[in-house]
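S.K.: Sequence:
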Amino acid sequence: MADDVRAVVATGKGAPVEVVTIRVPDPGPGEAVVRVQACGVCHTDLHYREGGISDEFPFLLGHEAAGIVEAVGEGVRDVQPGDFVILNWRAVCGVCRACKRGRPQYCFATHNAAQPMTLTDGTPLSPALGIGAFAEKTLVHAGQCTKVDPAARPAVAGLLGCGVMAGIGAAVNTGGAGPGDTVAVLGCGGVGDGAIAGASMVGARRIIAVDRDPKKLEWARQFGATHTVDAAETDAVEAIRELTGGFGADLVIDAVGRPETFQQAFYARDLAGTVVLVGVPTPEMKLELPLLDVFGRGGAVKSSWYGDCLPERDFPMLIELYLQGRLPLEKFVSEEIALDQVEQAFEKMHRGEVLRSVVTFG
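For the sequence shown, counting from 1, position 12 maps to 240 in the working numbering; every step adds exactly one.
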């Protein structure tokens, strides 16, 4: 029998979000209903509300979530009712060309639930990243449920569902950071601080945090930054070079996603170093670089989708590191809020007052 639950919905471009009643159907084949315990407020949700991703309103927002599997549909074997899970938007298909080549982290046909969740009048909802977890319950494909140690607090665990995982993975999976490396991170919000935490976790020797907000630079130190650069006061490229013996960093991560920050990242790396773009640009942005510089500097220029993660591999491992005290995930949680405070959380996020507001359900 379908459930009627409270949820946060974006009804139109730029309009304030609303808490409404939605209908969550029973799980069909390959699907699962999850009782959401916590869901982080991510910039991607704001992009949906602003119409920056598509115009398929109304959107059911929320995707950085953890909760308890309540029911599963026919054929589901990997999770069962009662399991504590983190929701992910990379439920790999196993049969696309990327999966067949042994690169499931690049899966081109990730699974989502087949049935729609709806408003009570039957209007279908578009769930953010195929999840829609600013809701007391949500319907997802069972492959979007990654079982982890239930000792982890839901408000902390759910953050691996998007931004924090994107940052950690940008440093470790995409950028290949390792012991002794020098790493610079441009932009010290949730994704950037995730990259800093990831670089610190794998033993990078020098981690340089770059931002224009002194508060964010202070946050970056909490995640392992050894040096900070206030880009409002000094040239970021020159500062990174000065901190690396004049050479530039081995790995530079652009967690902002603007042409000017990408250009800074490109020129702040050492010869044969790596640049990783993990900040999300908008469609109108263009990049110009002298092609000779691209050739002459060597190395690699990469983009990172979801930190090139494989949830079934990475989520349990990172939760274990958190429980061992080796990954400070709890420091990302600035505040825990109620479902009807999401609009205010967007405003705080826009002003740079929080790393993550997290909706928690009693």
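Certain hints may be false.
Claimed, not checked - Restricting the straight-line Cα-Cα distance to at most 30 Å, the calculated cross-link-like pairs of lysine-lysine (DSS-like) are:
no. : residue 1 : residue 2
1   : K559      : K443
2   : K514      : K576
3   : K559      : K530
4   : K559      : K514
5   : K444      : K328
6   : K444      : K559
7   : K559      : K576
8   : K530      : K444
9   : K559      : K328
10  : K443      : K375
11  : K530      : K443
12  : K576      : K241
13  : K530      : K514
14  : K514      : K328
15  : K443      : K576
Stated by the list, open to error - The calculated label-pair distances, taken between Cβ atoms and stated as ranges, are:
no. : residue 1 : residue 2 : range
16  : L549      : G303      : 16 to 24 Å
17  : G279      : A500      : 39 to 47 Å
18  : L515      : C324      : 27 to 35 Å
Note that these hints are calculated values from the structure, not bench results.
Glycine is no exception: its CB is placed at the ideal position from the N, C-alpha and C atoms.
S.K.: Hint by hint, which ones does the structure fall short of?
M.R.: 4, 5, 9, 10, 14, 16
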